[in-house]
Amino acid sequence: MGTKDTIYEGLFNYGITRRDFMKFCTTMSATLALSSTSIPKIAEALQQKKKPYAVWLHFQECTGDTESLLRATKPSIAQIVLDIISLEYHETIMAGSGHSAEKALHDVVKNQKGKYFALVEGSIPTKDGGIYCVIAGKTAVEIAKEVCGNALVTINVGSCSCWGGIGSAKPNPTGATGTASVVPGIKYINLPGCPANAENITATIVHYLTFGTLPALDRYNRPLFAYGKRIHDNCERRPHFDAGQFVRKWGDEGHRLGWCLYEMGCKGPMAYQNCPTVKWNDGISYPIQSGHPCFACASNDSWDVFGPIYNRAPHVPGASYQATADKIGAAVVAGTAAAVATHAVIRTFLGYKQKERFSKEKNEADKMK
Amino acid sequence: MRAVENALGIVIPDNARIIRNLINAIQYIQDHVIHFYHLHALDWVDVTSALKADPTKTATLAQSISDWYNSSPTYFKAIQNKVKAIVESGQLGLFTSGYWGHPAYKLPPEANLMAVAHYLEALDFQRDIIRMHALLGAKNPHPQTYLVGGMSIPIDPNSQNAINAGSIALMNDIAKKSLDFVSKVYIPDLLAIASFYKEWAKIGSGVRNYLTYGEFQNDNISNTTNCWLPPGFIRNRDLTKVEPVDHTKVTEDVMRSWYKYSDGDGKAKHPYEGETIPNYTGPRPPYEFLNTEQKYSWVKAIRYDGLSTEVGPLSRMLVAYVSGHSRAREVIDMVLKKLGLGIDALFSTLGRTAARGIETLLIAEMLPTWIEELATKIKSGDLRIHNGEMWNPDKWPKEARGYGFHDAPRGALCHWIVIKDKTVANYQCVVPGGWNSSPRDANGVRGPYEEALLNTPITDPNRPIEILRTIHSFDPCMACAIHLFDPDGKQLVSVKVK
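Here the protein sequences come in this chain order: S and Z. Just so we're aligned: the first sequence equals residues 198 to 566 in the numbering used here. Just so we're aligned: the second sequence equals residues 13 to 510 in the numbering used here.
Keep in mind the hints are simulated off the structure, nothing from the lab. Be a bit skeptical, because a hint or two may be false.
As the list claims (entries may be wrong) - Reference excerpt, derived from the structure (chain S facing chain Z, CB under 10 angstroms, subset only):
{"id": "1", "residue": "268"}
{"id": "2", "residue": "269"}
{"id": "3", "residue": "273"}
{"id": "4", "residue": "284"}
{"id": "5", "residue": "296"}
{"id": "6", "residue": "299"}
{"id": "7", "residue": "335"}
{"id": "8", "residue": "449"}
{"id": "9", "residue": "450"}
{"id": "10", "residue": "456"}
{"id": "11", "residue": "476"}
{"id": "12", "residue": "484"}
{"id": "13", "residue": "485"}
{"id": "14", "residue": "491"}
{"id": "15", "residue": "494"}
We put the CB at the ideal spot given by N, CA and C, even for glycine.
Here chain Z stands alone, though its shape is the one from the complex:
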């Protein structure tokens, strides 16, 4: 959408920009909370250990770190009974395949019980707050109100079929609940859990370059640099400067990917010239292992200025920090201080997970401001949601091309489109999961996941929970199988990445 708007030179109305910011904001909060509690926490939290906890001590612990209302001994006792009943039933469901009792679990039983309680609360929380996404986007997941040129959700304070004062009130209520949960549950849990796993500030550091396209636009054109979370590129972990982002520096090669390029697989191509021609050369299934000296991935090797680059909350927070985003600096410094860690600790598995929480807090704090911005526009009488100047394809130039920057919760995302004779001549998406899970490139340089797994200490090769911690810290988005090898080419372990 932003790519098409860029190609056709469309400026969207203020209201459309604000609504897009609001949808993004609530999506970030919901996505990060789900990631922390439901896709990542059980790498650190032993559910079965919660059975050994003293509910009264758990309540004391919970009350010492937060004034969240749900923290009585009775409450934690009920949660413990719940876990007990599941374990005793012999039907563990989602918990069947966990690495329970693994020596790498470090939390005391009380902290485990508290975290399990919040795992359950977070399930309801995410479902509750995402209603704002549905209010503005029609439904979640897969919102439907995005249009080239604006949004299709009408605004009219005097209509029952449009965004009105009632909608603003609902959004404000959700914003309040969001900040409550994030500041009183998510952040205290993050700090409490991290304090037991500080060695993870030295593990999983990964590649040395970080990219964000920026998000939460303050003006109405695609790819503006005027964003609340600024765009930027950090090279070789140099925290003294941020380079401006140039989309022409994004390239992909397919030397190790199951595609072919018409002029040579090792030649890095910009997405405007991108090709997607499948060329599977791997073993016939069923198979045990892939050969990483040949093609081994359906992901292309995405590089920025030729460099293997990480995207995601850590990249956004680093760029915000170095760019002088004042609230980001305050919260990052506060978190590091509480954990007794220096800024370099951010380049790690722990840092990635902490950055996600920090970002969630920043966004939850901003949400009321963006809702107020929308209310103020409505008050001024501006009800525009769509710029229809280019809606009719007859008005399009014979040829056009454009790109659209977006930073999704998982990281930098951009689409490139080439339009010829009113139809799509080429379309390439370069997405966050692609950046982080990219395979080796034509020069043999590893992508972020692979690099981050180097030197990971593994207690038990048959139950490699340490690998999961690092891979999950990136918030991987595909259900796929990867096979991991140490630098000598000897197989370490095969892991299914969720």
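The shape of chain S in the complex, shown without the other chains:
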């Protein structure tokens, strides 16, 4: 057995057959919503010589995004960390600790300058000199500047590193914010979510390895392949929304039959992510499928703007919204109650910000069509 030269050979050594490998490339192209002609390209990219280097930073977080990464199925976590990237630093799962671990991190920053992926989990506290998150005697701000500032690209994994996440919810005691506002000017991708879905983390890396470019991003730097549509657009309960069939109580007949969760507080009409198509944990489920409303975990300021979780979102139009979207957007911005389908009696307990966000994102989505 000789030196492992390519990612493909690595997989081969791991007992993966050529057939399995091509199957994996096909799955990847599906996650990335690419045409079948891209499959050979993915296969070719994964047969390159050296694995790209990567480091994973933890700041103010719960390690949920790491846990999510460990649930990756396509490819599996073992394939990712052993065969696809060379993950040299990851506080939770690396073998080393202390000075030895610090050295591994700094070796990558120094020796692979401009060539490595910096994956970041957790928000960065900026108040009071950054003392709320200090690792090895250095503040998160300082670490981010050094590590993200020298990376090929920074991938913000989860809402916290994208824009502060729950740590930045009012009153934001630590001044928590995302990586890009602490290290301005870096090239970065946001993969928001609470946590980010493992399949989207993997697909982003594979996209880069395959095409040599970052995936197309929206105005919040989210890849379109994962965040280009609203939950509502792909929701399997959408026909019930259109038909005016709503869950009214937990466990009622509509709930058991999979009716629409809009009345129970679902923010799917305002939330951009691919949960309904990719789902979670190898396609087992996702919140709406399990009878719980989406609370827009991948949206900026979701805690302040989209909450409370169980309050019904305002101004979500009914079946004919495609035709009337612009009118409704305009009406919302003007601060008036929008005319909506008869089944949706709109209450006005949600703040202006939420309406504003909805209308802004709606307009943007329309422009992209």
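Chain S is already provided as a structure; the job is to place chain Z on it using the hints.
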């Protein structure tokens, strides 16, 4: 959630209780397996030594301790080739920073190779079984079906959008795989590895008090004592009795923590009266060391009845043992007998790690029973998942307060809530990592981590793998930096705790 249910006097339906037990159970199994293989094993297993192993002898070793199907010489040869390819590529990834070749590694190459193979298998195993968590909880991590009053995952055997016979079948399949892996891989590996490290039954003993709130409820109210793993407090390692748990005995002071209390940092406060006012007094970063004679931690000093107390699998297993939990007694006695150790061996780094494995086996054995309990309820026609009596906040009293006991895989966890005029007036979480990593209190008494590190023999101060063994045995949950000092205040070594 249990705290709010307690505050508002909510009794949840049977199905909600059973589903919560099932989600907890699979979470425990997954969490403990990940901890053992991916967060702790490499403190004991030298990956590079696996290169020297004879795959045929490895197969013989594996087959002698278990009838797990994956144990052929060809299989172990393939794993060895895999490790070899990684080492030869010069891109070691996660293994870059390990203390390979350290003299404290005691396993023969064959045992190392077997453990590395199972490290890889466990990665796939944990991902596979946690699908049950997603089935009932919508996704993992961060499940979303928990509601105050019950669960949001509907049950209806005649619907394709609810828990039905297909879901039960999937859960049974996962339960079978879980018990298979735990009984045929995890437990045999644990025993095999432990047999080479028996001196660790005398190291890392830590504080002398153990607490669990109990978990896997048999009835439907918050904080019930009727749990499959019983609640209890063991004082001063007295294994003749278990004291009932009283939440009012939980207190926190901030003498050594970067907070201030309005009436004095040294005054221990119950969480209902808890305050969280940051007061950082440490050095300006970047810095090398912290001064432990002053405030030095973001964790408060949590105490039970004024005592520094350990929480986690060891506490649960000790309380179960002394309470007379028959299966717990059998398995604990079996493990100790196989290792030739007495009950006192449990008060150690090895004991903590063994208790986690023992608990995993007990839960994996119980899983089919809880699935059957759910199936029986569905069969009886009971589809209730939620008690909505208090869903509307207009029905709440003007003031209410409550607490919610839970034992998470890492240990005792409780939230205290004070509700005034339909809003949260105070909320305090006292969590397992806080108990175990708590700093010194107003009396200068050390917390469990610090106490457990006393008298740890260190072979090489520049590569303090022994420290990692003890700290990791607690399953620490934060990525943080701690600095360790010997009793004279002289710095021993600084360690980054994962």
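Hint check:
no.: 1; hint: 268; verdict: holds (5 angstroms)
no.: 2; hint: 269; verdict: holds (7 angstroms)
no.: 3; hint: 273; verdict: holds (6 angstroms)
no.: 4; hint: 284; verdict: holds (5 angstroms)
no.: 5; hint: 296; verdict: holds (8 angstroms)
no.: 6; hint: 299; verdict: holds (7 angstroms)
no.: 7; hint: 335; verdict: holds (5 angstroms)
no.: 8; hint: 449; verdict: holds (9 angstroms)
no.: 9; hint: 450; verdict: holds (9 angstroms)
no.: 10; hint: 456; verdict: holds (8 angstroms)
no.: 11; hint: 476; verdict: holds (8 angstroms)
no.: 12; hint: 484; verdict: holds (4 angstroms)
no.: 13; hint: 485; verdict: holds (8 angstroms)
no.: 14; hint: 491; verdict: holds (9 angstroms)
no.: 15; hint: 494; verdict: holds (8 angstroms)
When the structure is compared with the earlier hints, no violation turns up for any of them.
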